[in-house]
Amino acid sequence: MKRVHSAEVKKATLDRLEERGVTVEKIAEIVHRMQSPYNENLTMESCIESVLAVLEKRELQHAILVGVELDMLAEKKSLSEPLQSLVEEDEGLFGCDETLALGSVLGYGSIAVTTFGYLDKHKVGLIEDLDTKKKGPIHTFLDDLVASIAASAASRLAHRIRDEEESIQDQPTG
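In full-length UniProt numbering, the protein residues as written are 1 to 174.
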């Protein structure tokens, strides 16, 4: 049995995202939109860095690979029924897509969880473009996974910014 190196998994993850039209920059735009009301000095560079850090997590990489694979199999009509129809139609009561994505968010705390819920409901930015209900390629899992990445990166940024503010306050004055 072959042991898969983490570098191979990371590369496959980034390749799958790119093949499906998802870029780090597009996810970072969502992160910026979610966090800029709380930090007027927030840069796209910080958002990109946070997205890249989140994408380092193996569990998220695995979730992306599984979800994208299921989307692609549904496009090829290679899933058995009734799963084929559930994924192809992004059936409203089929919650496996959200469940897979939510699992990746949980490690980033309540900000990530609530942001994920908001993004899932309001379909912000790239997430709206990926929404399967608009016909075209099937992204039943991918839209939720992108929301998961963005929510986790936004939460990570919120906590980092607070840590930076506190470290400045804790420095001795003059």
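In case anyone wonders, no lab produced these hints; they're calculated from the structure. Don't take every hint at face value.
Below are the DSS-like pairs computed for lysine-lysine, each with C-alpha atoms no more than 30 angstroms apart in a straight line [claimed, not checked]: (1) Lys-121 / Lys-77; (2) Lys-76 / Lys-121; (3) Lys-57 / Lys-2; (4) Lys-26 / Lys-10; (5) Lys-121 / Lys-135; (6) Lys-10 / Lys-123; (7) Lys-11 / Lys-76; (8) Lys-123 / Lys-57; (9) Lys-135 / Lys-77; (10) Lys-135 / Lys-76; (11) Lys-57 / Lys-26; (12) Lys-10 / Lys-121; (13) Lys-123 / Lys-135; (14) Lys-57 / Lys-10; (15) Lys-123 / Lys-2; (16) Lys-11 / Lys-135; (17) Lys-121 / Lys-26; (18) Lys-123 / Lys-77; (19) Lys-10 / Lys-77; (20) Lys-2 / Lys-121; (21) Lys-11 / Lys-26; (22) Lys-76 / Lys-10; (23) Lys-2 / Lys-135; (24) Lys-123 / Lys-26; (25) Lys-76 / Lys-123; (26) Lys-11 / Lys-123; (27) Lys-26 / Lys-2; (28) Lys-57 / Lys-121; (29) Lys-77 / Lys-26; (30) Lys-11 / Lys-57; (31) Lys-77 / Lys-11; (32) Lys-26 / Lys-76.
Evaluation of the provided hints:
1. Lys-121 / Lys-77: The given pair, whose Cα atoms are some 27 angstroms apart, holds under the 30 angstroms limit.
2. Lys-76 / Lys-121: 28 angstroms, holds
3. Lys-57 / Lys-2: 21 angstroms, holds
4. Lys-26 / Lys-10: With Cα atoms ~18 angstroms apart, Lys-26 and Lys-10 stay inside 30 angstroms; holds.
5. Lys-121 / Lys-135: 18 angstroms, holds
6. Lys-10 / Lys-123: Roughly 26 angstroms separates the two Cα atoms, so the pair holds.
7. Lys-11 / Lys-76: 23 angstroms, holds
8. Lys-123 / Lys-57: 24 angstroms, holds
9. Lys-135 / Lys-77: 15 angstroms, holds
10. Lys-135 / Lys-76: Distance of about 15 angstroms is within 30 angstroms: holds.
11. Lys-57 / Lys-26: Between Lys-57 and Lys-26 the Cα gap is close to 19 angstroms, so the pair holds against 30 angstroms.
12. Lys-10 / Lys-121: Status holds; Cα separation ~28 angstroms.
13. Lys-123 / Lys-135: The hint holds at about 15 angstroms.
14. Lys-57 / Lys-10: 9 angstroms, holds
15. Lys-123 / Lys-2: Status violated; Cα separation ~39 angstroms.
16. Lys-11 / Lys-135: 28 angstroms, holds
17. Lys-121 / Lys-26: 18 angstroms, holds
18. Lys-123 / Lys-77: 26 angstroms, holds
19. Lys-10 / Lys-77: 27 angstroms, holds
20. Lys-2 / Lys-121: 40 angstroms, violated
21. Lys-11 / Lys-26: 18 angstroms, holds
22. Lys-76 / Lys-10: 25 angstroms, holds
23. Lys-2 / Lys-135: 38 angstroms, violated
24. Lys-123 / Lys-26: 13 angstroms, holds
25. Lys-76 / Lys-123: Cα-Cα ~25 angstroms, so holds.
26. Lys-11 / Lys-123: Holds, at roughly 27 angstroms.
27. Lys-26 / Lys-2: Distance ~34 angstroms between Lys-26 and Lys-2 Cα, so the pair is violated.
28. Lys-57 / Lys-121: 25 angstroms, holds
29. Lys-77 / Lys-26: 29 angstroms, holds
30. Lys-11 / Lys-57: The hint holds at about 13 angstroms.
31. Lys-77 / Lys-11: 26 angstroms, holds
32. Lys-26 / Lys-76: Holds - the C-alpha atoms of Lys-76 and Lys-26 are around 26 angstroms apart, at most 30 angstroms.
In this structure, the earlier hints numbered 15, 20, 23 and 27 are contradicted, and the remaining ones agree with it.
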